[in-house]
Amino acid sequence: MFEYCANPDTLDGLAWLSCYLTTGKHLSFYTSFGTVLVLLAITAPVALGFGFGGAAMARSNVTPARWIGKTYIAIVRGVPDIAFFMFFVIALDQGFEYLRHQAFCPDWDQPIRQGNDFIVCSEAKLPLSTSPQWVHEIYGFFLAVLTFAIVFGAFAANVIFGAMNAVPKAQIETAGAYGMTRRQTFWRIIVPQMWVYALPGLSNLWMVLIKATPLLFLLGVEDIVYWARELGGTKHQRFTDYPHGDWRMWYFLVLLVFYLGFTKVSEAVLDRLMKRLSRGQATAGGEALRRAAA
Amino acid sequence: MKRLLGTALALSLSTGAAFADTVRLGTEGAYAPWNFLDDSGEVAGFERDLGDELCKRAALNCEWVTNDWDSIIPNLVSGNYDAIIAGMSITEDREKVIDFTQNYTPPDPSAYLALSDDVDLAGAVVAAQATTIQAAFVAGQGWTLVEFATPEETVAAVRNGEADAVLADKSFLDPFAGQDGLTMLSRMEQIGGGVGMGFRKSDTELRAKFDAAIQSMKDDGSLNELIAKWEVATQF
Chain A
1035 MFEYCANPDT LDGLAWLSCY LTTGKHLSFY TSFGTVLVLL AITAPVALGF GFGGAAMARS
1095 NVTPARWIGK TYIAIVRGVP DIAFFMFFVI ALDQGFEYLR HQAFCPDWDQ PIRQGNDFIV
1155 CSEAKLPLST SPQWVHEIYG FFLAVLTFAI VFGAFAANVI FGAMNAVPKA QIETAGAYGM
1215 TRRQTFWRII VPQMWVYALP GLSNLWMVLI KATPLLFLLG VEDIVYWARE LGGTKHQRFT
1275 DYPHGDWRMW YFLVLLVFYL GFTKVSEAVL DRLMKRLSRG QATAGGEALR RAAA
Chain B
1117 MKRLLGTALA LSLSTGAAFA DTVRLGTEGA YAPWNFLDDS GEVAGFERDL GDELCKRAAL
1177 NCEWVTNDWD SIIPNLVSGN YDAIIAGMSI TEDREKVIDF TQNYTPPDPS AYLALSDDVD
1237 LAGAVVAAQA TTIQAAFVAG QGWTLVEFAT PEETVAAVRN GEADAVLADK SFLDPFAGQD
1297 GLTMLSRMEQ IGGGVGMGFR KSDTELRAKF DAAIQSMKDD GSLNELIAKW EVATQF
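If you're matching them up, the sequences are chains A and B in order. Residues in the first sequence are numbered from 1035 upward in steps of one, following the numbering used here. Residues in the second sequence are numbered from 1117 upward in steps of one, following the numbering used here.
These are computed hints drawn from the structure, not numbers from a lab. Do not take every clue at face value.
Stated by the list, open to error - When the alpha-carbon atoms are kept at most 30 Å apart in a straight line, the in silico BS3-like pairs for lysine-lysine are as follows:
no. : chain 1 : residue 1 : chain 2 : residue 2
1   : B       : 1345      : A       : 1059
2   : B       : 1172      : A       : 1059
3   : B       : 1317      : B       : 1172
4   : B       : 1212      : A       : 1159
5   : A       : 1159      : B       : 1317
Here the structure is a predicted model, which means the values were calculated and not measured.
So here's chain A without its partners, still in its complex pose (with noise of 0.2 Å):
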């Protein structure tokens, strides 16, 4: 990075550590925390996303549909992340290669699955063997963010079918009694008001998603407790230009602050959000604000 870097045996102090913190596998590092803001950036809304879709499934009076928003809230729960992480995400991309290989490789005569070989013609790979590893790592985070997205999707839809039975009954009886048909109701009186009951559960939800991203690696992405691992792992003499011992207790500090940091203007923000929406409601925070107002 600077100059007097080309010889980092000769420096000490803070010159030393300027260099040290400044090399291609450092930046890597700092990049990665960008990498999982970007992830939660996305993940958090198509997980809300979901798990809207979700719970409005699991109320319908369409039975079908009734039945698969029940079937993914209770199966996705119930299966363990770290299964889901590994196994769920394989099955996921081999989908997306079967469906290709259909479409591309028609006359394909060879068998898909041989022992324990998953096949299709080069065609179909998804990402091109061919293509650059950014599009790979591209490819990664997009099934890392649909992954944590139907994975979390389930939780809140869970939170978001809660809420949504708790929107006090009388007011649905009274949109009727206006002569609202159902959609009606549940556009303008169920879920406007719900929110308020879903950000208790949907916070914890935001809490839990920060700190899951670790779970990143075993999609292939690299994330900041891989890189901090990595970094603070002992160094020798003979494979680097700044050998030291472990410093891993150091770098997982720093991600400490990280998270503690994050999760703390979290809260901030959603204590904010909480106190916008319990306005006009008909529960104890809401009053609370109208005798303060008064």
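Model the placement of chain B on the given structure of chain A, informed by the hints.
Then chain B, alone, in the frame of chain A:
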């Protein structure tokens, strides 16, 4: 869900391009001197040099990918990369799932690292990396085994007293010996059939190419030079 799948498909359909012979090599990147990440974050080590040379001899265009050790075989058979070159010993159990080339290092003893010379292994807690020949060996002896996901953690476990000894390839433990009071036991274990590259069972053609390249490196002595350069094993 449906729309997501749709966009995914559309995205993936549009990335079609020319097809060249690109071979993706999967490695762990945390097992110096075999394979590790250098200061700039690139894969380096004995297997980097070896793999690049083999690809040159086989006239293939190779690309390096790092993957967690735990899932390195499942990701090979599902096609995320085309070969494993990660200090993986040739064993019967693994050969049921994947195929190996001939070995590129001879069968070498595994060594123990401990805080004192007089560890009674039978009554001790022995650390090893999960799903390695060493872990299988310790379990087979009926000793107390603790497994870790990464090699680094196995050594750290001995350092902080969580385990009494660690069993791993001698070349991996060598740089640690003599540091922080760690000593290498004189007892060694002869396990494994040497280290080879792993391929999908259906990929016989690609495996044959690398097999031939390894043979040519054995024949002209360049493999021995590489082994000596990185001190990973005994020579052929």
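Evaluated hints:
For the proposed pair residue 1345 of chain B and residue 1059 of chain A, the alpha carbon gap of about 24 Å is at most 30 Å, so the pair holds. At roughly 27 Å between alpha-carbon atoms, residue 1172 of chain B and residue 1059 of chain A fall within 30 Å of each other, so this suggested pair holds. With a C-alpha separation of about 23 Å, the suggested pair residue 1317 of chain B and residue 1172 of chain B falls inside the 30 Å cut-off, and the hint holds. With a C-alpha separation of about 25 Å, the suggested pairing of residue 1212 of chain B with residue 1159 of chain A holds against the 30 Å cut-off.
Using a Cα cut-off of 30 Å, the hinted pair residue 1159 of chain A and residue 1317 of chain B holds, with the two alpha carbons roughly 18 Å apart.
In this structure, every one of the numbered hints holds.
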